[in-house]
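Between the sequences and the hints, there should be enough to build the whole structure, so can you do that?
As given, the protein sequences belong to chains S and A, one line each in that order.
Under the working numbering, the first sequence is numbered contiguously, ending at residue 326.
Under the working numbering, the second sequence is numbered contiguously, ending at residue 1508.
If you're looking for bench data, these hints aren't it; they were derived computationally from the structure.
Some clues are possibly wrong.
[To be verified] 30 Å max Cα-Cα, derived DSS-like pairs, lysine-lysine:
| hint | chain 1 | residue 1 | chain 2 | residue 2 |
| --- | --- | --- | --- | --- |
| 1 | A | 1397 | S | 274 |
| 2 | A | 1192 | A | 1273 |
| 3 | A | 1501 | A | 1443 |
| 4 | A | 1066 | S | 218 |
| 5 | A | 1324 | A | 1240 |
| 6 | A | 1268 | S | 192 |
| 7 | A | 1124 | A | 1108 |
| 8 | A | 1240 | A | 1008 |
| 9 | A | 1384 | S | 277 |
| 10 | A | 1323 | S | 218 |
| 11 | S | 217 | A | 1370 |
| 12 | A | 1326 | S | 217 |
| 13 | S | 192 | A | 1328 |
| 14 | A | 1131 | S | 218 |
| 15 | S | 218 | A | 1501 |
| 16 | A | 1131 | A | 1048 |
| 17 | A | 1273 | S | 218 |
| 18 | A | 1427 | S | 217 |
| 19 | S | 217 | A | 1268 |
| 20 | A | 1501 | A | 1219 |
| 21 | S | 218 | A | 1397 |
| 22 | A | 1427 | A | 1328 |
| 23 | A | 1240 | A | 1048 |
| 24 | A | 1055 | A | 1022 |
| 25 | A | 1066 | A | 1192 |
| 26 | S | 192 | A | 1370 |
| 27 | A | 1109 | S | 274 |
| 28 | S | 192 | A | 1452 |
| 29 | S | 192 | A | 1385 |
| 30 | S | 274 | A | 1384 |
| 31 | A | 1397 | A | 1427 |
| 32 | A | 1427 | A | 1286 |
| 33 | A | 1273 | S | 217 |
| 34 | A | 1443 | A | 1397 |
| 35 | A | 1183 | A | 1501 |
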Amino acid sequence: MKTKTIEKKKFTFSDYWDRYSTITILAIMIVVFGALRPSSFLTTGNLVKIMEQSSITILLGLGEFFAILLGGIDLSVSSIMALSGAMTAKLMINAGFDPWLAILVGIVFFGLFVGLVNGVLVTATGLPPFIITLGTQAILRSLVYIVTDARAVSGLPASFSTSIGGKLFGVVPVPIIVALVAAAVLTFFTVKCQSGRNLYALGGNTQSAWYAGITVKKHTIIAFAISGLCAALAGMVNIARLAAAEPNAGTGYETYAIEAVIIGGASFFGGIGKIPKVIIGGLIIGVINNGLNMVGVSSYYQQLAMGCLLIIAVTLDRFFGASRKS
Amino acid sequence: MEPIVQMKDITKRFPGVVALNKINFDVCPGEVHVLLGENGAGKSTLMKVLSGAYKPDEGSIVLNGKEYDKLTPHLSSEGGISIIYQELSVVNWLDIRENLFMGRLPMKKVGPASVVDYATMNAKTKELLKKVNLSHCTPTTNVGDLSISEKQMVEIAKSIAFNARVIVMDEPTSSLTEDEVQKLFTIIRQLKAEGRGVVFISHKLSEISEIGDRITILKDGGYVGTYNVSDLTTDDMIRKMVGREIKGTYQHLPEEHYQFGDVMFSCKNLTRKDHLVENISFDLRKGEILGFSGLVGAGRSETMCAVYGAAPKISGDIFLNGKKLKIKNPYDALRNGIGMVTENRRETGFFQNFSNQRNIAIARQLKESKLDGLIGLTNESEEKKMADEEHEAIRIKWTSREQLTSQLSGGNQQKVILGKWMAANVKVLIFDEPTKGIDVGTKSEIYKLMRKLADNGIGVIVVSSEMPELLGLCDRIIIMANGRITGSYDIAEATEEKLAKAATSEMA
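What follows is the structure, given as structure tokens:
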């Protein structure tokens, strides 16, 4: 009875920004680049290309999301991407594995399992995830160089590179489908599953989570395992697109992943964020890189633009994001 | 003799409470002045006024014959006031001499540059260490390697180095052995002989009789009086400390509550891995509210954490309705129907990033999910139902289910937490300081809810530092001191004197 009175509150810029900040940034950028280069930027072909180029950032970002949701970070995603790609390629070419079996082993063993190890290290040592994953980033990258002898593993079966790296019905690039399916599954996980909900609780307040009966260690391990799994998916997409596994694949991509998550509105302190916004965050990065190319801006300036955008987006969130006001 | 410090009619108000009401306190050279009072009586607040951290609303402070309107921490320490808190403030990773001269390192000129004069520093440190009987340490010993008692001595040495005229010691003996206490007393006597004043805060009455010269007793922020320690027996001290009129906001017990059912929940020989509590056993009967009384640090919360599985135990069995429970973590406790309303709502009670609805739903959802809470689906409509039911039943004031719990008042946050456990259908609910920081109106609502839970057959255990709260609410009260149970009274025979006596007993 008395609760009804307060409902008609004025819809402020703050409310708007809280809900639609990421999509607004994306829309503004598409409009700006579209206006500058209507004939080349705003073509179906180019937009599809942007999505395809973004799929790796999105996949890495989806995993990174869970590490950041816990208030942590996973710096090893780029190395996991390289390792799982290289090992899958090796299994196909040197060990003669069926491509699908090689993919399965690559994802489960060199993605999920490696992420699990990250999680176990974090919970067992009690060290900040930054330190643990900074360590595993270096270790895993080194392993990639050791197994590949620092040379590209090429000659992947055509059936593999055309199926994962190709296009469905000749139109939709498969990498986009992989990224969207992963995002859909993870959205379900975060919205409907109890363990997904628990991760938000854990990221909001570890102490409260422990006292509420959430098994803190197991959930932390799960978050890092998901991160590893997504990184391995990115690894598969990457080798399929290039039809080869480069030992230095994905170097520095962890920054893109983190940027996609943060631009996507997740709180760096944990507990706040949404999976679909990670997709938009990843697309924003893709649009910037592609759009600046189209406009003819030197690639030297692209990082500069990314950096500025990141700081501006988070600053706006800091001051206008309604959920952070309290 | 002219007192070093003279505080007159000090009044300090905080929103909603009068923390200090016309308190008089003075310290003369060469005396040990004891400050005695229950938890929350105002001892710490008074010392914070003396240190300049709080500005009193009324009253005057005279320090070394000079009256101060605005006593700042800087002026206070310049005037010779030095406070040694229970949580020692030494820096563990620095050595003794650096701790002693932190911020005031002796300097010397070398050409145009001014550099630290280590020779002077070492010599002065050695002299100070000798004064506090730490001659076995060198100036370069790391403070982190010292025992608590030795660290305390370093703090005292630091006070002397600062030329302190009054040294306040806040419960200095709480973590010392009998031997170390005697060593501390030797130093205190020496400080007296040098003409310094010592303010000694302690709950241990026998120590007070041994070392104190005068004693000032506070009660609920009010001034009881200042006496010569030799004129009071320990019983007198207790009476003066707790002898308040019982008035207030809690429920008095109707007669029928003296009838209880069988024992529903019990704990046998519980000892924590860190030995903060040892050998705790108690029974809870159906329909009964069981209270735990004691001083801060007596091990009450620590016991409850161990029962709830939030802290590791090395021994102890917990039974619910005759069945032995295996509780390794709070998840096990929850699965077995035990809930805990923790003392610090913000840190351990609810999730700041969760809406009211989610904060209420989480316990039942976790309870119903499988495999350590990993497997299970959330159900939005069921969540809403839970939130609405508890909103109705406990009358939580919120603008909507979707509002963040962190935006509610403390009392309503506590109601959300209560709603969470009620929605989870717990069989035993432990309350740790359930009304801390909650306004009077909500307090009595929470008491009524607790009584209703007990009437409905839910086991209710309350830890509280407020004696009137326990006396008004509970049917039986267990008293703890030093990690052990030192007494147990049915409400009919419980009095504040008895509780205070058991809480300060040193039989453990």
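Structure-based check of all given hints:
1. With a C-alpha separation of about 29 Å, the suggested pair residue 1397 (chain A) and residue 274 (chain S) falls inside the 30 Å cut-off, and the hint holds.
2. Pair hint residue 1192 (chain A) plus residue 1273 (chain A) does not hold up; C-alpha atoms about 41 Å apart against a cutoff of 30 Å.
3. Proximity of residue 1501 (chain A) to residue 1443 (chain A) is assessed by CA-CA distance (about 27 Å); at most 30 Å being required, the pair is judged to hold.
4. For a cut-off of 30 Å, the pair hint linking residue 1066 (chain A) to residue 218 (chain S) is broken: about 62 Å separates their Cα positions.
5. With a CA separation close to 44 Å, the supplied pair residue 1324 (chain A) and residue 1240 (chain A) exceeds the 30 Å bound.
6. With a C-alpha separation of about 41 Å, the suggested pair residue 1268 (chain A) and residue 192 (chain S) falls outside the 30 Å cut-off, and the hint is violated.
7. In summary, the hint linking residue 1124 (chain A) to residue 1108 (chain A) is supported, as the alpha carbons are separated by about 15 Å, within the 30 Å threshold.
8. Distance hint between residue 1240 (chain A) and residue 1008 (chain A) is fulfilled; the C-alpha atoms sit about 20 Å from each other, no more than 30 Å.
9. With a CA separation close to 25 Å, the supplied pair residue 1384 (chain A) and residue 277 (chain S) stays within the 30 Å bound.
10. A threshold of 30 Å between alpha carbons decides the hint, and for residue 1323 (chain A) with residue 218 (chain S) the separation of about 28 Å falls inside it, so the pair holds.
11. Restraint check: the Cα-Cα separation between residue 217 (chain S) and residue 1370 (chain A) comes to about 16 Å, which is no more than 30 Å; the hinted pair holds.
12. The suggested pairing of residue 1326 (chain A) with residue 217 (chain S) holds, with an alpha-carbon distance near 19 Å, which does not exceed 30 Å.
13. Of the supplied pair hints, the one linking residue 192 (chain S) and residue 1328 (chain A) holds, its CA atoms being roughly 28 Å apart against a limit of 30 Å.
14. At most 30 Å may separate the alpha-carbon atoms for a hinted pair to count; residue 1131 (chain A) and residue 218 (chain S) exceed this at roughly 53 Å.
15. Annotation: proposed proximity of residue 218 (chain S) to residue 1501 (chain A) is violated, straight-line Cα distance about 46 Å (limit 30 Å).
16. Only pairs whose Cα atoms come within 30 Å are accepted, and residue 1131 (chain A) paired with residue 1048 (chain A) is accepted, the gap being roughly 28 Å.
17. Restraint check for residue 1273 (chain A) and residue 218 (chain S): satisfied, since their Cα atoms lie roughly 23 Å apart, inside the 30 Å limit.
18. A threshold of 30 Å between alpha carbons decides the hint, and for residue 1427 (chain A) with residue 217 (chain S) the separation of about 27 Å falls inside it, so the pair holds.
19. This hinted pair checks out: residue 217 (chain S) and residue 1268 (chain A) have alpha carbons roughly 29 Å apart, not beyond 30 Å.
20. The hinted pair formed by residue 1501 (chain A) and residue 1219 (chain A) meets the criterion: a straight-line CA distance of about 16 Å does not exceed 30 Å.
21. This hinted pair does not check out: residue 218 (chain S) and residue 1397 (chain A) have alpha carbons roughly 35 Å apart, beyond 30 Å.
22. Among the hinted pairs, residue 1427 (chain A) with residue 1328 (chain A) is consistent with the structure: their alpha-carbon atoms are about 18 Å apart, no more than 30 Å.
23. Restraint check: the Cα-Cα separation between residue 1240 (chain A) and residue 1048 (chain A) comes to about 23 Å, which is no more than 30 Å; the hinted pair holds.
24. Annotation: proposed proximity of residue 1055 (chain A) to residue 1022 (chain A) holds, straight-line Cα distance about 14 Å (limit 30 Å).
25. Restraint check for residue 1066 (chain A) and residue 1192 (chain A): satisfied, since their Cα atoms lie roughly 22 Å apart, inside the 30 Å limit.
26. Of the pairs offered as hints, the one joining residue 192 (chain S) and residue 1370 (chain A) holds, with about 15 Å between alpha carbons and a cut-off of 30 Å not exceeded.
27. Proximity of residue 1109 (chain A) to residue 274 (chain S) is assessed by CA-CA distance (about 61 Å); at most 30 Å being required, the pair is judged violated.
28. The suggested pairing of residue 192 (chain S) with residue 1452 (chain A) is violated, with an alpha-carbon distance near 34 Å, which exceeds 30 Å.
29. Straight-line distance between C-alpha atoms of residue 192 (chain S) and residue 1385 (chain A) comes to about 17 Å, which keeps the hinted pair within the 30 Å bound.
30. The straight-line distance between the Cα atoms of residue 274 (chain S) and residue 1384 (chain A) is roughly 21 Å, inside the 30 Å bound, and the hint therefore holds.
31. For the proposed pair residue 1397 (chain A) and residue 1427 (chain A), the alpha carbon gap of about 26 Å is at most 30 Å, so the pair holds.
32. Note on residue 1427 (chain A) and residue 1286 (chain A): the hinted pairing holds, with a Cα-Cα distance of about 10 Å set against a maximum of 30 Å.
33. Taken as a hint, the residue 1273 (chain A) and residue 217 (chain S) pair is honoured in the structure, with Cα atoms around 20 Å apart against an allowance of 30 Å.
34. Restraint check for residue 1443 (chain A) and residue 1397 (chain A): the C-alpha separation of about 14 Å stays at or below 30 Å, so the hint holds.
35. Taken as a hint, the residue 1183 (chain A) and residue 1501 (chain A) pair is honoured in the structure, with Cα atoms around 26 Å apart against an allowance of 30 Å.
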